[in-house]
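Undergrad: Chains as they are written, first to last, in the working numbering: chain A, 1 to 438; chain B, 439 to 876.
Calculated from the structure, these hints are not laboratory results. You can take every hint at face value.
Facing chain A, a subset of chain B residues (Cβ under 7 Å, in silico): (1) Phe509; (2) Gly574; (3) Thr753; (4) Gly770; (5) Lys771; (6) Gly828; (7) Ala872.
Note that beta-carbon positions come from the ideal geometry of N, C-alpha and C, so glycine has one too.
Number of protein chains: 2
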Amino acid sequence: MASTDLTFPSREAHRAWLASQAVLPKGFRAGSTSFEFMPAEVSKPAAMNLTLLALDRPTPDFAAVFTRNAFPGAPVVIGRRRLDEPTLGAVVVNTKTSNVRAPDGVAMAERLCAGVGAALGMAPTQVLPSSTGVIGWRLPIEAMLAAVPAAASSMGKASLLDAAQSIMTTDLYPKVRRAAVGQGSIVGIAKGAGMIEPNLATMLVYLLTDLAMPRATLRRLLPAAVDPSFNCISIDTDTSTSDTVVLLSSGAVPCPDEEAFAQALSTVCHDLAEDVVRNGEGVHHVVRVAVTRAPAERLARALGKAVINSPLVKTAMCGNDPNVGRILMAIGKYAGMHAPQLNLQDTRVSLGGRTIFENGSFRLDPAVEAELVAHLEHAALYASAAPANGVFRPRIDFPPHERCVELAIDLAVGTAGATVLGADLTHEYISENADYRT
Amino acid sequence: MASTDLTFPSREAHRAWLASQAVLPKGFRAGSTSFEFMPAEVSKPAAMNLTLLALDRPTPDFAAVFTRNAFPGAPVVIGRRRLDEPTLGAVVVNTKTSNVRAPDGVAMAERLCAGVGAALGMAPTQVLPSSTGVIGWRLPIEAMLAAVPAAASSMGKASLLDAAQSIMTTDLYPKVRRAAVGQGSIVGIAKGAGMIEPNLATMLVYLLTDLAMPRATLRRLLPAAVDPSFNCISIDTDTSTSDTVVLLSSGAVPCPDEEAFAQALSTVCHDLAEDVVRNGEGVHHVVRVAVTRAPAERLARALGKAVINSPLVKTAMCGNDPNVGRILMAIGKYAGMHAPQLNLQDTRVSLGGRTIFENGSFRLDPAVEAELVAHLEHAALYASAAPANGVFRPRIDFPPHERCVELAIDLAVGTAGATVLGADLTHEYISENADYRT
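Bound-form chain A, shown alone:
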């Protein structure tokens, strides 16, 4: 899925590579700040990052897709309205509270847009808000408005790396991907590590390009790029109320080749989607499932998702345990419920290139077992160490490699297919989400 096959021997090597990706396209600025505040909902202080992405001149050429969760956050409600505006000039992103169904949430977010617009010389409707954090908490609007000038004065035209860092919450490292087309580029940043099974979009993704491309084209190309990338990943099956992907073009560089642009956009989306999974909460293994010769793409994708979302498949992967019966269980669970007419007679399943199931039966023995264990161990990002206090924390904050556990499911009944990306389920995920308040 990823366009690259990188390895990073150290945190420093990864950061250097990120810096090389994070070159801001022409016509953009980025900045950020952070501060403490007291939430209205609990009785202890919290910290918030505020990030600004701005165009030198508001642009008519932008596109966005949002979550399909039926309780969207206030920023998503406003973001959908912004799609009808003639131009967009800036994005403001905050962490810690997602402003979902908090009292007066939409009004508070509009006040923030007005404050940002005033600082940047833009109308409130030229500012798109994004929020991520605790669902149900209010925006600390006065503290945020007070922090806007600091964020605005920090803005620079060189790098997106600070912004990519500033939008992070439980992410372990920034996610930045770049693709060049002629003299221009598309550079994207993503935030997202939990509550990730996007539908029409994922957590927070900002794609900036200086390549000139009209609004109508952007709005056609963005969903096409998002569908096989962000919509084909799942970390924990949970679809956020805040999922947002925004694409902004400054138009500073002419781009006559729409096909090359679409290809670059697709590459950045696929790479960022894989980054989001690889950096998912507690992830030790990225699991890629390729479903082939299916009767329909939709079924192939759903069946692949059923496999990567099975807690028992996920925990087996975590343990480097080729308990491959659980994979068949997950296929059968999906097919039994949702595709009872599907003929599974000729289904063939392989793990790490080794056939484990064909002609209706498993093919297992101690030699195969050893080979499968080796494949799982090779794909591991790191191993847990038992912590003295029982709270598991990730042992790395960079991706040492881009290898995946490779599962292939050949249904042998059609010509459609899909590839989905998931992850294992680990003690670090439990610690992240149960052992202390997010």
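With chain A's structure known, arrange chain B on it following the hints.
TA: Then chain B, alone, in the frame of chain A:
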């Protein structure tokens, strides 16, 4: 959901209560044995329990429902055939290997039935096999046949408790429930602690009754009792390949009152279903979700399942963390995907009787937070202790109480409803399924 509200101050108190439930109905015998064998698939020995349940005389009056997983185990394939037999006389249950899609699985299971039939003086087709354990592993048929005489000679007419213990795998304690009707009774035992989101049936459940009830009635009443009980629970969303519920009547006690029988059957099924969840792998909290005023029962059940199956809701429960925004996320995830036309304007959500969301907004403050924490702590079965080696093991092997986390979702749009039972997601679940080979 459970018909009782029991508390058990100690393991001994729980075992004494189990013994009081496990009185065998008239006309039945039960026995078991265990032994070691060498699996063909891995290179270390394993242990197996073999359990026999038998009628004094084969009966025409029996019913069974099985998994809807599209890769059913060989015993399920055979069990479906047995439904057409004139009589059934015995059930043989083994642990450790589930005999799912292993080479020659059906033939091996039939050989086992023949061995059991020979020992009990019955035809092979009068024996129903059940298997639970690793998917893909073969039955160690020679070792099993050698063990049948020991199991047969251990059979007694007094108690089902040894059998309830013998069918356990990762279960922490036996599950036995009894309901009396006049001079007769229905006594059920269940095994199941993981891979539990049954569909049409759950893991392994055996319901024995001496109450006379014709086959046709049993086959009508069993699915009706299973649907709102076993089909409304989920521990980990995974539907086993072996789910089986069998109901056998010896007919020793006349039962003119079908209504009372149906009620008793429903009670035993509901109580066992709750037992299965309470004893689920790593479960600290049982979570009950009551969805009311829904447009349809099917939607109510699916929406409730979406809430109890959300990993982020489950981990919040585990941590006694009233991160209630995740509950709204889960409702919105389901509605956005599967019921986009559902009007959520008047949805009201409460936790432990406290309203947390109504009129489109959350109702949260530090006092509410403290009340919700107290409710979650009151419903906890036990708390984790950090283990020195990083492998979390349950700290109890009995259920200290029958309290649940009580979630209510009032959709205010219709008259249908459903109640579902789920559980939290804990370090003990991860350790059970990742830290050592099951």
